[in-house]
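K.L.:
Here is how the chains run, residue by residue.
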Amino acid sequence: MATNLIPALDPAPIPGPVWLFHLLWVVTFLLHMLFVNVVLGGSILAALAGNGRRELQSFFVNANSWAISFAITFGIAPLLFVQVLYGRFFYTATILVAGAWLGMLGFLMVGYYLNYVAKFRLQKGQSAGLAVPLSALCFLIIAATQVMVNLLHLQPSRWEGVWTQAKSALADPTFVPRFLHFLLAALAMAGALAAYVAVRRSKTQGQTAELAEMARFGVKAALYTTVVQLLVGFWLLLALPSPVLSGLMKGGAATTLPLGLGILAGIGLLVVLAGIRDPLAEGTKVRRAMEFLVGAIVLMIITRHQLREVYLAEWKPLEGAQVAPQWGIFLVFLVTFVIGVALTVYAMVKAATDKPQAGEPAA
Amino acid sequence: MDYPLWIPGIGAGVLIGLVAITHVLVSHFAVGGGIVMAVAETLAVKRQDQALRNLAKRTSLILILVSTVFGAISGVGIWVTIGLLHPVATSALIHSYVWGWATEWVFFILEVATALAYYATWDKVRPRTHLLLIWLYAFAAFMSLVIIQGIISFMLTPGNWLQTKAFADGFFNPTYVPGLVLRTGICVFLAGAYMAFAALREQDLAARARLVRFLAGIQVVGILIAYGGYRWWEAALPESIRALFLGASPKLPALASTRHFLLWMLLAYLVFVLFALLAPKAQRWPITAVALVLAFAFFGGYERLREGARKPFIIRDYMFSNGILISEIAKLNQEGILSKAKWLMVGQPDDPVAKGRAVFRAQCAMCHTENGYLGIRKLISGADAETLDMILTTMRDEGEKYTSNQYRKNGHVATEKLDYPFMPPFVGTEEEKEALKAYLVTLTGTKVAEVSHGN
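Chains as they are written, first to last, in full-length UniProt numbering: chain A, 1 to 363; chain B, 1 to 455.
With the rest of the complex left out, here is chain B (with noise of 0.2 Å):
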């Protein structure tokens, strides 16, 4: 909020979904393949099966194409982009879990050195320093996983820190194990879903029947790791939280759709690598694409419902995503946004419109943009100042549910029993308010449309 404001183009949420998607889906291949690769090594060396062998060396340059580098930079590119649209989350992230990082990066250093090593060292060394490689590799690679759910998860249920503050109480928060198990088994069906590519380019057929067994079945493990791990992390959420995509609300269908989605995505791919399980000869690489996709769909599914849940929140319970904290309501309300976002008005004219955009990007920007996703402009469409009055007036007065007791319990907000439960509340003074009203006012056109707020 005190930082200068950047929006792309594409909207906020838009490039930070991107660079983070691209990094989890490498990331989590990164951690399973090390494990996938180093059980098939061992099975190798102990059953004397080339093809086995071949198959994790295949393996072992995508590994470093795709894990140290783009593995690599897309994780400094996370942190790059959070630091860039939401400095004061990233900031509050660091001063609560910079020892976690540093000890993860730790890991890095390890996994790194073991990666590149295991795949310069094929043919040079002996077996039993090979699989000593890439089960360190392993080790370290799962380990970075270990210590970064600590914190993805402390930002959906942070739980009793709320209260303490202490770096023990958010790491270990209630969904850091179940979610910890559901993203061991996606590391481990991920491997198997792109290690299959690599079977089929297996020419003894006989041989490449046995690898894409051997990977069905590390799929199959995986699925159901992975599905233990889902239901658990919906039971360990707060009532309030998962009531947000069990339909509780009909304002709420999207996550509600979008569990249902990833559910039935993890059968359709548990069909497919039973039926791979059954039929390893009749696997072709268009099959095993369909599967690689549906494995997708539903960790993708998995990350929207999980960042959907955590909505109006960056961080559960204690900052909204527009930076703005719970326990600065009431002040905000007083001083005005404008006290704090110091940056927005550099350069502006001192009129009702420029102050209300001013307002609009402190608090609305993060989410919204003018004209591209979720924007505002088709938005608000055919709204008239009353109406837009009314729904600003709503969501100030919101304001005072997050603070008052009405809907806490033990620091947690039922956020679904709420008007705008995606919406961080609107925080200002009534001249703000205005302002605001200014600002969408000239954005509304002459269409007569019902005002949406579905997330």
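Chain A on its own, in the form it takes in the complex (with noise of 0.2 Å):
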């Protein structure tokens, strides 16, 4: 391809130091894709419980009520500080497949109402339907896109032959095992949680069977789909390009060292989940297995943004940017971040923790 069809460097200057960017985009990514995992992991999950395990599905219904918003929510920095860094790989690239990353709205609005309707039934007392699978339908879309739309802001290599036949966005050797990994991972995460709410409940409400079946399965699903994990991360990091691995292999501690300790989190977290016989009776090492699933998300975020670089290196993506920080309105944005997230935290724990007294008015 044409070098010049990348589009010229925004004349404007970055209103702030690059190095600021890459953090806050990997800090507030991270976010974004805890609540990502649960949305996508827990209507998968949902879904496949089934109403025999009501239990399971209407936590992931009612969690993703919220899930499904923070998602949102903290996708919108991550969106802000990449167009910054890399707008003109990013808005080719989503120009390129326009209908697919318009019509992610769509399937996000359908999914998230679908899921309201799931809450609603299961309030009810009725069956869920074929809300819940629906509704996972969409994120799994979503998410395909997603990583459609990634690997293609990387490549501008094949920009061209995706302008001239709109199929080929989909034709990269490292497509499905990307999607897989990101997939499993977030059903890892779902299960995991399942596991860890249900040990929570059992100490208030008690070792009821519907929590022991939670608990099981959460914990199967997590076990399970971490073992296939190992092959397909070995998978995504064979198919990628070779200039792109010997790369990520040169970086060096830098790159090497979030990449291998994100694997051994993985090996952590098998040790672990294989370990578990009854999860209720063993809270502390379902505990353990959400802290190494978290630790190895973390990695392995760090890991992707040490890839987007090294994808990118030859187009050298910032040459000749300049930079004029705005700390001004800098300083008013984290006094903004410091208060808005106390507040947020003082509301959340007085509104999980003021219960009236018996006699006290409620509101």
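Hints listed in this document are in silico derivations from the structure and should not be mistaken for laboratory results. Yeah, the Cβ is synthetic: ideal placement off N, Cα and C, and Gly gets one too. Do not rely on the hints blindly, as some may be mistaken.
Stated by the list, open to error - These stretches of chain A come out as covered by chain B in the derived footprint (C-beta under 8 Å, 3 or more residues):
id : segment
1  : 159-173
2  : 296-308
3  : 320-333
To be verified - Quick list of the computed label-pair ranges, beta carbon to beta carbon:
id : chain 1 : residue 1 : chain 2 : residue 2 : range
4  : B       : Lys409    : A       : Pro11     : 19 to 27 Å
5  : B       : Asn405    : A       : Ser242    : 52 to 60 Å
6  : A       : Met348    : B       : His260    : 43 to 51 Å
7  : A       : Ile267    : B       : Tyr373    : 27 to 35 Å
8  : B       : Pro253    : A       : Pro173    : 38 to 46 Å
9  : B       : Met345    : A       : Glu314    : 22 to 30 Å
10 : B       : Leu61     : A       : Val349    : 22 to 30 Å
With the hints as a guide, dock the two chains, each given alone in a separate frame, to form the complex.
P.N.:
And the structure:
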């Protein structure tokens, strides 16, 4: 492809040091992904659980009425920062598959409303019916679209081919393993979360058969998907274009350490999960599994970001870019962020704990 | 311009309009709803008014279904849409205002968390905590308006930013505060208009009348604030922008009638609301529905006026609606528009008509479809090559009027004095002009018709 198909750098300077945008992208993307994993993995597990495992199904349907909102809201910040750093690559990739990119919003809306349909049906004691699997299907399509656009923005050499033939947007040898890698991580996290919540609930409600089943199902889901994940992870690694793979390996400790530790965290997770016999009685192990999982996700998100830099290195994404920090408004953002998070946490704690005593009025 | 061009079948403007209008109708309710619900529940607790409490409770479900789902997704939808259709402008806005948006994002987090918690904790927490949640929600939602208004108003009146490029100069631009007052009024009356439906579901007739009157009072306050804000907004506009819709130029009848329309709609809406205030027992849903439509008509009319007055720019006096900068005109006339629009010739034959189509797509397709909305085929039907040449030459000459000081004062261009006040100038080489003409000739029919360039 002619290099000149890459749009010119925006003439306006970057309004802050580049490292700050990298840092903020990683932190906010991590928060986004934690909620995305609950939404994607949770909706699929809820669909697989069926009506027979009502405790688990209603947990995910209820949790998702919050998690979808937070996944969307926490997605805004990385969306902003990716545009600052890689705008010309990102916009081009989305325009090349514009219909799918725009259609994603439709699936998001349908998926979210279907989750509410399921929630209200379950509240009335009815079966959630097809609302749960259809909702899960919407989130799966969104995930595939995201993977497609992500791969496209990394590889300007594929643009011209996609422009002349849209179908080739999916023709990337890393598409399938990358999508599976993402999907399996979401399922593992949702499974571990279900088990963790069941353990916590059993402490207040006692060890009911439903909670035991929820925990067992969760641990099993996390275990099986993590076994497959180890294979898929290596498949993805080997499917990377060889210059990219060698670029990643040549990055020294900066790139090999997060990747290596991430793989170790995955193996650690597998060992912990395989050792759980009765999840409700082994709460500590379930918590340890959650810790390993979140640790693996943090490390893999760092690797994912480094991989982008390696992919784009040959196109020199920020060469010639000027930096003119807007420290005043950045400070406003920082102060707002600290106060905003504190207020949110305070409000949520109050909402969860300020129960009226007997005889006191409730809101 | 540098990007591949994607134009949906319905036209770029129509798609942006659809996404943006549905979003603003919901998002303004999300802001106003917070304020009105907070007031309603506070009064309900103070007066032990069960009906008022139930009104807030009923509305809270609508608020999360409409605001946290539709509002949030359509808000992201605006990003997605402008990123696809106007990547250059989106990138320019991001580079100037990313910290503003990041600050707004913090308020979104607080907004979403408190909205969901508010709905989930009816009958479950002490009244004081429940009030804390709704007041925090109202605060966060209002703050998101406070921030986004800086960026929306910047696009119409960038003010001193044109010289300084400083964040604060762009954000606190001449129409920032007036527009904020106007939008606050709109938020309040829209919330009252939506909640009036919830009030009609109250079974106790006396209580229902009380709720109808309460919401009518809220709407009157909102209408008065909006009217004051609107007049202030008009007064704060640069003279030449105001002239666009005050009927100064016979070429611009559409905006002038939009202005009349929206002001009459506001008056008609006020009449309906006063009726509810004076005869609350007679209130029925069809009357409420008409009032809501009138409220929408005012709001929609205002948005249309604001967008229309910005034409031919996307960022007034800086970037045209097709992504071309005023500062680039001279260079592009030398080097050609296709030197910048690299994607448009990919896979195209190297002949004048194909080149002309690429020039059309680069400069005109953002507003004109071929056959649909503002369809070029219809607009130029019957025009011969000579007429088209005359039009394009005039449009090319207008480029100089943007760059010379003839129509400029403090960076602001008096576009109402131009022959084509709503269209960006034609930029490009002589060869590109000829190519565009060759392409346009293929679209002209045989019918004899006047070439129209109204908006």
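K.L.:
Look at each hint and say if it fits the structure.
P.N.:
Results of checking the hints against the structure:
1. 159-173: holds (count 4)
2. 296-308: violated (count 0)
3. 320-333: Contact hint for the segment 320-333 of chain A vs chain B: holds, 6 residues under 8 Å.
4. Lys409/B to Pro11/A: 19 to 27 Å: Since Lys409/B and Pro11/A have Cβ atoms about 25 Å apart, the given range 19 to 27 Å holds.
5. Asn405/B to Ser242/A: 52 to 60 Å: For Asn405/B and Ser242/A the Cβ distance comes to about 58 Å; the hint holds.
6. Met348/A to His260/B: 43 to 51 Å: About 49 Å separates the Cβ atoms of Met348/A and His260/B, which means 43 to 51 Å holds.
7. Ile267/A to Tyr373/B: 27 to 35 Å: Violated, at about 58 Å.
8. Pro253/B to Pro173/A: 38 to 46 Å: violated, 59 Å
9. Met345/B to Glu314/A: 22 to 30 Å: The hint (22 to 30 Å, Cβ to Cβ) holds, given that Met345/B and Glu314/A are roughly 24 Å apart.
10. Leu61/B to Val349/A: 22 to 30 Å: holds, 24 Å
Figure legend: structure checked against the earlier numbered hints; hints not met, in rising order: 2, 7, 8.
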